[in-house]
Amino acid sequence: MRTELYQWMKSLAFFHVLTTALLHILPDKRYEQYIRLFMGLLLVLLICTPIFAVVGKSEELLSGFSNNYGREEQVRMETEAEGIRETFLKGAYEQELKDQVQGILRKEGVFSAKTEVDLEKELQLTITLYGTVTEKQREAVKNELERICGLRKGQYQILASEDGMEGVGSFPSSGNPSSGGRTSGNPKEQ
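Numbering (full-length UniProt numbering), first residue to last: 1 to 190.
Any given hint could turn out to be false.
Simulated DEER-style distance windows between Cβ atoms [to be verified]:
| id | residue 1 | residue 2 | range |
| --- | --- | --- | --- |
| 1 | 143 | 25 | 22 to 32 Å |
| 2 | 26 | 126 | 35 to 45 Å |
| 3 | 126 | 69 | 28 to 38 Å |
| 4 | 111 | 143 | 49 to 59 Å |
| 5 | 25 | 68 | 23 to 33 Å |
| 6 | 13 | 41 | 12 to 22 Å |
| 7 | 13 | 36 | 31 to 41 Å |
| 8 | 23 | 48 | 19 to 29 Å |
| 9 | 25 | 131 | 49 to 59 Å |
| 10 | 152 | 65 | 46 to 56 Å |
| 11 | 126 | 29 | 36 to 46 Å |
| 12 | 84 | 17 | 56 to 66 Å |
| 13 | 80 | 134 | 44 to 54 Å |
| 14 | 152 | 102 | 44 to 54 Å |
Hints in this document: simulated from the structure, not taken from any laboratory.
On a predicted model such as this, the values are computed, not experimentally measured, just so you know.
Cβ atoms here follow ideal geometry from the backbone N, Cα and C, with glycine treated the same way.
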């Protein structure tokens, strides 16, 4: 009984040293609360081990804890890996779509453009064309976006800078029309 008590006290001391070391080597302090929670649960288990040994249930409790923790850790790791894969795939898809759009624009003779892709809720593509762009070039770009990229009319918008950012596509325009026949919302007389 004396050796078991001595072994138990050594385990508690080792556990305290291990906990302190883990808390000092954390790369980010925001995980400290989780480590403290987990280590606290282990401490309660370690303190109760002699009681369970007397009752004869310590091995069953430890194996159950180990199995449950292993399953939860595996689910957490799978969820985290899925999030990483999704982020990587979104980034790759966005870059591929931008490359395809730039290829379409070069093919149609439009060499100066800005492409923005938004993948948050649903795919939205905005292309801002700079310089002189003919209506034929705009229509060809629109047709190629639908044919090559598989985009529907509501998923893209083509803006041209020379005519005040006119939009081609089906995004609703923003703002209210000017009142009183004036061309701007400025209340000054023109």
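Here is how each hint holds up against the structure:
1. 143 with 25: 22 to 32 Å: Violated - the Cβ-Cβ distance for residue 143 and residue 25, about 58 Å, lies outside 22 to 32 Å.
2. 26 with 126: 35 to 45 Å: The hinted range 35 to 45 Å holds for residue 26 and residue 126, with Cβ atoms some 42 Å apart.
3. 126 with 69: 28 to 38 Å: About 48 Å separates the Cβ atoms of residue 126 and residue 69, which means 28 to 38 Å is violated.
4. 111 with 143: 49 to 59 Å: Between residue 111 and residue 143, where Cβ atoms are some 19 Å apart, the hint is violated.
5. 25 with 68: 23 to 33 Å: This hint holds: roughly 26 Å between Cβ atoms.
6. 13 with 41: 12 to 22 Å: holds, 19 Å
7. 13 with 36: 31 to 41 Å: Given range 31 to 41 Å: violated, Cβ gap about 18 Å.
8. 23 with 48: 19 to 29 Å: holds, 23 Å
9. 25 with 131: 49 to 59 Å: holds, 56 Å
10. 152 with 65: 46 to 56 Å: holds, 53 Å
11. 126 with 29: 36 to 46 Å: Hint holds: Cβ distance 40 Å, inside 36 to 46 Å.
12. 84 with 17: 56 to 66 Å: Given a distance of about 33 Å, which is not inside 56 to 66 Å, the answer is violated.
13. 80 with 134: 44 to 54 Å: 50 Å Cβ-Cβ, so the 44 to 54 Å window holds.
14. 152 with 102: 44 to 54 Å: This hint is violated: roughly 21 Å between Cβ atoms.
Hints 1, 3, 4, 7, 12, 14, counting from the list given before, are not met by this structure.
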